[in-house]
Structure formats: structure tokens, C-alpha cells
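Peer 1: Protein sequences appear in the order of chains A and B.
Counting in our numbering, the first sequence runs from 227 upward without gaps.
Counting in our numbering, the second sequence runs from 19 upward without gaps.
By construction, these hints were calculated from the structure, which means they are not laboratory data.
Treat each hint with caution, since some may be false.
To be verified - Calculated lysine-lysine pairs in the DSBU-like style (CA-CA distance at most 35 Å, straight line):
{"id": "1", "chain 1": "B", "residue 1": "K72", "chain 2": "A", "residue 2": "K637"}
{"id": "2", "chain 1": "A", "residue 1": "K314", "chain 2": "A", "residue 2": "K400"}
{"id": "3", "chain 1": "B", "residue 1": "K111", "chain 2": "A", "residue 2": "K254"}
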Amino acid sequence: MRMRRPLFAMAALGLGLVLAAAPALAQKKTLVVALNEDPDLLDPTLARTYVGRIIFEQMCEKLYEIDENLRIYPQLAADLPVVSDGGKTVTIKLRPNVKFNDGTPMNAEAVRYSLDRHLNMKGSNRRSELESVNSIDVMDALTVRLRLKVPFSPLLAILADRAGMPVSPAAANKLGDKFGTAPVCVGPWQFVERVAQDRIVVERSPHYFDKSVAKFDRLVFRIIPDDNVRLANLRSGDIDMMHLVGPTDAANLRKEGKYEVSNVTGIGYSGLTINLRNKNGKPPAPPGDLGTPLANDPRVREALDLSIDRVALNQVAWDGQYTPGCTPISPVSPFADKSRKCPTRDVAKAKKLLADAGQANGYSFEMMIVNNPQQRRVAEVIQGMAKEAGFNISLKPTEFASALNEADAGKNQAFLIGWSGRVDPDANIFQFQTCGASLNTSQACDEGLDVILNRAREVSDVAQRISLYRQAIDKFAFSRRNILYFYHLNYIVSYPKSLKGYKAVPDGLIRLKGVSWQ
Amino acid sequence: MFDYLVQRLAISVVTLAVISVIVFTGVRMIPGDPARVMAGTEADEAGLAEIRAKYGLTDPLPVQYLRWVGLALRGDLGESIRTRETVVATVAKKLPVTVELACLSILVALCIAIPVGVLSAARRNTVWDYLANSLSLCGLSVPSFWLGIMLILLLSVRLHWLPASGFVPLWENPLGNLTRMLMPAFVLGVTLGAVLMRQTRNSMIEVLGTDYIRTAYSKGLRGRAVIFRHAIRNGLIPVVTILGLQMGALMGGAVVTEQIFVVPGFGRLIVESVFTRDYPLVQGVVLITASAYVLINLLVDISYSLLNPRIRVKGAADAA
Numbered sequence: 227m228r229m230r231r232p233l234f235a236m237a238a239l240g241l242g243l244v245l246a247a248a249p250a251l252a253q254k255k256t257l258v259v260a261l262n263e264d265p266d267l268l269d270p271t272l273a274r275t276y277v278g279r280i281i282f283e284q285m286c287e288k289l290y291e292i293d294e295n296l297r298i299y300p301q302l303a304a305d306l307p308v309v310s311d312g313g314k315t316v317t318i319k320l321r322p323n324v325k326f327n328d329g330t331p332m333n334a335e336a337v338r339y340s341l342d343r344h345l346n347m348k349g350s351n352r353r354s355e356l357e358s359v360n361s362i363d364v365m366d367a368l369t370v371r372l373r374l375k376v377p378f379s380p381l382l383a384i385l386a387d388r389a390g391m392p393v394s395p396a397a398a399n400k401l402g403d404k405f406g407t408a409p410v411c412v413g414p415w416q417f418v419e420r421v422a423q424d425r426i427v428v429e430r431s432p433h434y435f436d437k438s439v440a441k442f443d444r445l446v447f448r449i450i451p452d453d454n455v456r457l458a459n460l461r462s463g464d465i466d467m468m469h470l471v472g473p474t475d476a477a478n479l480r481k482e483g484k485y486e487v488s489n490v491t492g493i494g495y496s497g498l499t500i501n502l503r504n505k506n507g508k509p510p511a512p513p514g515d516l517g518t519p520l521a522n523d524p525r526v527r528e529a530l531d532l533s534i535d536r537v538a539l540n541q542v543a544w545d546g547q548y549t550p551g552c553t554p555i556s557p558v559s560p561f562a563d564k565s566r567k568c569p570t571r572d573v574a575k576a577k578k579l580l581a582d583a584g585q586a587n588g589y590s591f592e593m594m595i596v597n598n599p600q601q602r603r604v605a606e607v608i609q610g611m612a613k614e615a616g617f618n619i620s621l622k623p624t625e626f627a628s629a630l631n632e633a634d635a636g637k638n639q640a641f642l643i644g645w646s647g648r649v650d651p652d653a654n655i656f657q658f659q660t661c662g663a664s665l666n667t668s669q670a671c672d673e674g675l676d677v678i679l680n681r682a683r684e685v686s687d688v689a690q691r692i693s694l695y696r697q698a699i700d701k702f703a704f705s706r707r708n709i710l711y712f713y714h715l716n717y718i719v720s721y722p723k724s725l726k727g728y729k730a731v732p733d734g735l736i737r738l739k740g741v742s743w744q
Numbered sequence: 019m020f021d022y023l024v025q026r027l028a029i030s031v032v033t034l035a036v037i038s039v040i041v042f043t044g045v046r047m048i049p050g051d052p053a054r055v056m057a058g059t060e061a062d063e064a065g066l067a068e069i070r071a072k073y074g075l076t077d078p079l080p081v082q083y084l085r086w087v088g089l090a091l092r093g094d095l096g097e098s099i100r101t102r103e104t105v106v107a108t109v110a111k112k113l114p115v116t117v118e119l120a121c122l123s124i125l126v127a128l129c130i131a132i133p134v135g136v137l138s139a140a141r142r143n144t145v146w147d148y149l150a151n152s153l154s155l156c157g158l159s160v161p162s163f164w165l166g167i168m169l170i171l172l173l174s175v176r177l178h179w180l181p182a183s184g185f186v187p188l189w190e191n192p193l194g195n196l197t198r199m200l201m202p203a204f205v206l207g208v209t210l211g212a213v214l215m216r217q218t219r220n221s222m223i224e225v226l227g228t229d230y231i232r233t234a235y236s237k238g239l240r241g242r243a244v245i246f247r248h249a250i251r252n253g254l255i256p257v258v259t260i261l262g263l264q265m266g267a268l269m270g271g272a273v274v275t276e277q278i279f280v281v282p283g284f285g286r287l288i289v290e291s292v293f294t295r296d297y298p299l300v301q302g303v304v305l306i307t308a309s310a311y312v313l314i315n316l317l318v319d320i321s322y323s324l325l326n327p328r329i330r331v332k333g334a335a336d337a338a
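Sequences and hints are given; from them, build the entire structure.
Peer 2: See the structure below:
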């Protein structure tokens, strides 16, 4: 009987060694990245989730890509497009000798097929992005020409996202609307398997034109929704890279000294959308008079704006890790107006404005928030700050999908909500601020503003566009104030210090080309 | 016995029919437009209308219900709106994971509950009894989420003994599977074990006070023989009942445990499908869960009659 104890101890030791060695061996050739959410369908035409774009980054390259400074450069295109005919013709030259991950050629015909698919496929989420495109012509094997209905300068940025991802026509024809179950594009890695709510696995592609950039045989994207669990997995070594580290955890990780913590200001924004005239539903429903001072009196909204200390809000709610702001354009964008200063908190002026608006005894309204701890924290800080200026804000925590419905239907007074953002400022502004636009849930409308925003779509000169956006922002963010912009979310990614070559881009997507273990 | 079985089966079929109506209407009472959730915040009205038409969301509810039930009876529970995978295939991938987790946690629970419960009853009002009751109280009051995170921090982050999360199929890597399932099974099993331990203790105390046990003692049988040969069989009947009833709680617990340990099972599937308003998936998953629950309770009822023939006789007598 006594012999059993040493035997048991040896077996336990052996088991321990095997368990300890297994992750170390796997680490050399496989990189495990943890995401906070399960992507939707992995089809560039039908996809809509932010996390899905992280998977596409590894296996579905685009005609154009963005760098760390948000500059657009050619990826599958050979050069930046040639724009002619007063902005109505866009000619795209393609990179030669590129193959899809099924070995079929990526050429002008494949690009035309993919753009056609985006435009015409049932349920396409790219159709509205490409609505300016009138026709697509194949000029030669490596040249595609797009004819536009009107000049549309945001098109280049749109082609640097999912709308610019060519898909293998052979695979797309075979799988139809199930293409997302086994997507085939051009990329350093190719799709292997997906276990819903658990993992997505890609492996190095034998067909990619630059074999030196994929340093890992496999990438495994694990879906770990809870922030604490994701962090514990990073610390235990079960994952190699954590996307969306909580701001309050970032400082601790830095202190531990074992991890790099990459923090980049994002291109989106968070703010308070105030319902001005959405009585019967969002456009195309007609606007109506809500009859509340918050909706009808700009002085009340200005008072609310002045009651908020954006720097303190960021410090208290996000440990100072995010970026305070007051416009929909992130300061990292080439379109950001560097001369603009955000309003500082002025409680006395806010009180006076409220009094001028006939609300000297205070004003009460309800603020809808997405029901999660982070949003509750932000809302409570806003609630506290606004109270000092005379606002009594009651919070209405609502589940995300239901909150979107309430906002669409106009059943809210104000909604604390953000936007993940796009590279071109048009996508952060136009659909939210123009009369009758599909995301204009506040039903705000100013035809003068629409003229400016339409002009900003037509011109391609960056300086001219910056000037137009400055005028527009003055109108909607500092006069009308249907959205009060508070801060820009930062993307915080953490990984062991032995992982080298990671470059953070302000869209927050993880790009793993060139990343390797030291 | 046959009549008893038929009666139980008939009740189960009616229960399932009622459940199907509740599931179908319940899912549609969740606020939030599934087309809006699918299409995202960028969708225009045309896109939303296209999605509603594709999934028949504009048809009257009775039409939608009859179509769903008709297809379900033929084994077709539809297709996930989010992944385009059939509900049956999705469930077939997830169900074994949660079944394994449930089985392991029941094993953990029984390993804790029966010995401790029996010991506690046999040594009533001694230090062992008090210790067992305290342990049971701890098991009931410690939240799964907290216990899970603590175990990960201790066994994975600090000691590096076990992987913090994940799942590998048993047939692919048995050792990897067990090392990953150990913590979730323990967390899920602790609460169940505490409930069963209390039930075992109470039931055993009751049985140990009955005439036939006193008779056994008076015939000179030793304590261990009385407990294991005579008392435990009757003492475990209420425990089996509670175990059956606790399967629902086990499924609820699996939702939390699977989130903490990132186990790709049924629990996470339910949560995700509700949040993404994946109607076919929610309906399919809930219907399958409810069916499993009904089936388990049917099996529990049948097992009574096997454990205690008096129930069988009474059932037959009632039927007559």
C-alpha cells in the first residue's frame, strides 16, 4: 500500500509537467487572441459586427487599408484610385499575381463580382455604403472602373473596409448566402473552423502573395465576453492577447511589468442623443412637437452641455484612459479641427441659461442608458454633474436591443449611446445629422446644415472638407446640440512583452501581420 | 406499470404542447426588433423589410406558430439568423458539452452530498453534523460567479495547475477535456451538492427513526450494515426527486458557469441567442431544454417505481 503514494506523486508531477509544457509548445506557432463578443456571419457582404472586422483583418484583405495615422494606402489595389470626370469616375488598378485562399485569381472580374454582390445580394449590409455607385466596369484584367451617381469622396474610406473586400467568386457561387460559414478571400491566413460562441480558427494561407508577414501557423480567436475572465485568462497564459482591456485594469497590467498595454484613441464617439422631434418614429416617419423644454429650447440643452466636465467624466468613469471630446471627429483623424477647444464646465452659466428658459427651479428628464456597469457608471457621473446645475436626471437602464427600439420609436427623451466610428468623418455625421437620414433618431433637421454636409461629400480636398466640417459642427454640436459629444473611446489591447511588432490603429482592429514572438 | 407509463407519457406530451406555445409567444414578447438587431444600427428601412420578409416575421403570429410547430415535429427547428447554421446542428454541438458538464457536476454533487449527508444523519447533533451543516450553508450561499473567479485566480493564475477556461472535446483530448471541465463542474456541483446533502440528511434521519430500522438494530445488525443495506435505499428516494427538480436549476447555473469558464455549451447559447434576438435559436434551444426537463422528470417518476415498488402498486391501484 505504501508504494502507492510515491507512484501517485510521480504521476501527478508528470501530469503537471505535461500540462505546463503544453501551452508553451503551442505558443510558438499559435497565437490566441481573446475577443469580447462573438462575431456575426463572416461574410463581408452580410456582416455588421465590429468584432467580425477583426477576423476579416486576418483573412479578408481590402482594396485599401489604413495605417496608424489613419492614412489610406493600397492593399489589394496597386495604387490609390484615379478620380476623374469631376469626381464621378473612380479607376482602380489592382495588384498583380494575387490569389484568393482557394487558389483562384483575384482580378478585376472578381472585384466587379464582389462589388456587385455587395450591391445586389439580399440582406446586404454594404448596399447603403455603396449607394453612390452607378456601374462597375472591368477595363482589363487588373483594372476596374466605378461610375458614380454623384461625386462621393468618402468612397475611398468605404473601400478600406468590408465593402472593399473581394470574395472568391468560386466560393461565393458555391455557398451563396452561407458563404460566411466558410469564407474565402485574400489574406495571410485562411478560415479553418468556427465554433459559435467559443472560437474562430484561421491558419497560414499557402496562396498569400507575401509569405513573410504571417509569423504564426494559426490564429485562434476565443470569445470571452466577461472582462474579468478575459483578464484572468491573459494572466494565466491561456490567451496571448486581450482585446478591450477595461480602463481600470490597464494601470494594474502596466504595473505588473509583464505585459505591454497598447492604448490608442478610437475613431468613434460617445455622447448623449437628445430627442428633438421624434414623436412618431425615426425617419421616414414625420417629425412632431414633443412639447418639452429639453426638445424645444436650445438653452436647456446648452445648460446641460455646460454642466458636464468632460475631463472629470473621463477620469472618474474611465480612469482617465479615454479621450475627452466634443465633436464626432476623433482628434486622431486627419479631419480633426486642431484649433477647436471643448467648452469648459460652467455651472453658473448653466443655471442662468436654465433660468432664462423658465426652469429656474430645476428641470427633470429621463435618460435612457444601455444596461451595463460601464454605462451606468458614466450615467451616474453625468447625473451628479448635471444636478449641480439644476437638472434632475432619472436613469432608465435598458437592454441594448430594446434601447435601440425605444430610440427608433421616439419613446425616449435622451439616450446615452456611442458610435464605433469610421475613418471618413462623413460616416460619423451624415446619417445622424441630416434631415430624414436613417440614423437621425432625434429627427433634427436643418436644411442649411444638409447643404454643407452634402458639399463635404462631394469635394475631395482635405483642407476644404475640414473647413466644411468645422462649419457643420458649429451648427449641430454647438448650436442645435441634438447630440452632446462627451468622449472618444480608446482601444486598449494587452499582450506579453515577448510579443513584438504589434501596431495599434485607431479603428481598434487587431492586425497581426508582422507580429511575432521575440 | 404500463398504465402508469401511458399516463405519465400523456401528461408529458400535453406539457410539451403548452411549453411550445409559451416559448413561441414568450420569445415574441421580448422587446426589440430582431430585424433591427440583425441589420445593426446602420440598417435602412428597405434592408429591415427585406430581413423581416426573409424570416417570415411579418406573418400573423398563429401562422408563424403553426409553421414552426409543423417543421419542429419533422425535426426542423429552423436556421440561426446570426450564423446561418441549422438550430439542430448548433444544438448538437452544444448539447454534449452541457450534458458532460451537468453529469460531472452531478457526480461532484453526489460525491459530496451522499457521504456527508449520511454521516451527518448518522452522527446527528455531533461536531460532524454541525460541520456538515456549515459546509452545506457555505455551498448554498457562495455565488457561483465569485467562486469561479476565485478558483481561476488560485488554480490558473497563481498556481498554473489548471487551464483558466475553454473546452476540448472528450474524444479529441480526454486529459485536456477533464482538466478544463474540473473547475466548472466543481463550481456547478457545489451548490447542487449542498442542496442534496441537506435533503439526504433529513431523509436519512427520518428513515433511521422508522420501525423497520429499529427492528434491524434489535436483530443485532451493526450500524453500518443497517445504513447501507436497509436505510440508504429508502433514504435516497427524496434525494432522487430533488435531483430531478434541480436539473432546471442546474441548467440555470450552467448559464453562469459557462460564461465564467468560457465553456461553449447550452447556457452560453441561450444567453447569446436572447441578446441577439435569434428567434429560431431561442425557440429551438428553449424547447429542447424544456423537453429534456420533462423527459428527466418522466425518468425520475419511473425510477421511483423501480426504487420503491409501493409507488408502482399505488399507481396501478389508482388507475384501476
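Peer 1: Taking the numbered hints from earlier one at a time, note which ones the structure violates and give those numbers from smallest to largest.
Peer 2: Nothing - there is no hint that the structure violates, so all of them hold.
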